[in-house]
Amino acid sequence: ARQRSDYFTSSNCMVELREAVRLGKPVLLLHETDRYRGVPLQRHIEQCPDDLRDLLFPPDHPTARVVPWYREPAFHAVTMRLIIEHCAIIRDEWSMEAVDTLA
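Per the numbering used here, the sequence shown starts with residue 1, numbered consecutively.
Simulated from the structure, these hints should not be mistaken for lab results.
Some clues are possibly wrong.
[Stated by the list, open to error] Quick list of simulated restraints, FRET-style, between CB atoms:
| # | residue 1 | residue 2 | range |
| --- | --- | --- | --- |
| 1 | I84 | S11 | 27 to 33 Å |
| 2 | L23 | V78 | 28 to 34 Å |
| 3 | S11 | H31 | 17 to 23 Å |
| 4 | N12 | A74 | 28 to 34 Å |
We treat Cβ as the ideally placed atom computed from N, Cα and C, and that holds for glycine.
All chains, please: the whole structure from these sequences, using the hints.
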């Protein structure tokens with residue numbers, strides 16, 4: 001059977017995602033790496049709505065907004081560190097935008 005991304009077919013998920021985008025909120029995607037619980041990242045990219053694809057999966061760096069989620073406890077700390085690093089980058093970008101608006 002062909003695997004599909006349930007995320008992009010969920011009306012509730014899409015409402016939340018579209019609202020976050022509309023409000024200019026940063027978006028970070030967690031990718032389930034367990035092959036029995038998730039699907040390959042390429043499947044998500046293919047099934048992402050056209051109007052969101054370049055934002056969520058930029059053509060020049062499609063994994064820029066993606067953090068892999070590993071279920072093995074030994075890797076949880078790595079995943080959390082990556083999430084924190086992304087949040088710090090986003091915070092810095094927002095701070096720079098705020099400074100730019102003052103100039």
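Cβ distance range 28 to 34 Å for N12 and A74, holds or violated: Holds: the Cβ-Cβ distance is about 32 Å, inside 28 to 34 Å.
S11 and I84 - C-beta distance against the hinted 27 to 33 Å: holds, 31 Å
Assessment of proposed distance window 28 to 34 Å (beta carbons of L23, V78): Holds, at about 30 Å.
Outcome for the supplied range 17 to 23 Å, where the beta carbon pair is S11 and H31: Because 21 Å falls inside the window, the suggested range holds.
The structure meets every hint from the earlier list without exception.
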